[in-house]
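Undergrad: Sequence:
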Amino acid sequence: MPGIHVRDLSNETVQALKRRARAHHRSVQGEVREILVEAARAAPPEGGYPPIQLCHVDIGGNHFWTREDIYGDDGR
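If you're matching positions, the sequence shown starts at 36 in this note's numbering and goes up one per residue.
Take the hints with a grain of salt, since some may be wrong.
Now the in silico label distances, taken between C-beta atoms and shown as ranges [what the hints assert, rightly or not]:
(1) V41 with R76: 16 to 24 Å
(2) Y84 with K53: 33 to 41 Å
(3) E47 with A74: 40 to 48 Å
(4) R42 with P85: 47 to 55 Å
(5) R68 with D93: 37 to 45 Å
(6) T48 with V92: 45 to 53 Å
The calculated lysine to aspartate or glutamate pairs, modelled on DMTMM-like cross-linking and capped at a C-alpha distance of 25 Å, are [unchecked claim]:
(7) K53 with E66
(8) K53 with D43
(9) K53 with E81
Just so you know, these hints were derived from the structure itself, not from any lab.
Cβ atoms here follow ideal geometry from the backbone N, Cα and C, with glycine treated the same way.
With the sequences and hints as input, model every part of the structure.
TA: Printed below as a string of structure tokens:
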């Protein structure tokens, strides 16, 4: 099975991984493996996500919504 080697982790990161591993009753290697498996499962599917289809509902007003009104994310 292929493996990876991660270098240059900060001491804070290593200590946090140890605490997390202890909390889940795993070795640090097992905890890192589980973190990577979960991250890989969350990756976008091959070819990306399909486009989102939206439909417009007329609410009887003439208000135009901005991205900020809808998302509140300053365009990020």
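Undergrad: Mind checking the hinted window 45 to 53 Å against the Cβ distance between T48 and V92?
TA: Because 47 Å falls inside the window, the suggested range holds.
Undergrad: Confirm or reject the claim that R68 and D93 have a C-beta distance inside 37 to 45 Å.
TA: violated, 52 Å
Undergrad: Is 40 to 48 Å a correct range for the gap between the Cβ atoms of E47 and A74?
TA: violated, 20 Å
Undergrad: For the range 33 to 41 Å, tell me whether the beta carbons of Y84 and K53 fit it or not.
TA: Hint holds: Cβ distance 35 Å, inside 33 to 41 Å.
Undergrad: Between the beta carbons of V41 and R76, is the distance compatible with 16 to 24 Å?
TA: Holds: the Cβ-Cβ distance is about 19 Å, inside 16 to 24 Å.
Undergrad: Taken at face value, is the distance from the CA of E66 to the CA of K53 at most 25 Å?
TA: The hint holds at about 8 Å.
Undergrad: For the pair supplied as a hint, K53 and D43, confirm whether the alpha-carbon distance does not exceed 25 Å.
TA: holds, 16 Å
Undergrad: For K53 and E81, compute the direct alpha-carbon distance and say whether it is at most 25 Å.
TA: violated, 33 Å
Undergrad: Using the beta carbons of R42 and P85, state whether their distance is inside 47 to 55 Å or not.
TA: At 38 Å between Cβs, range violated.
This entry does not satisfy hints 3, 4, 5 and 9, going by the numbered hints stated previously.
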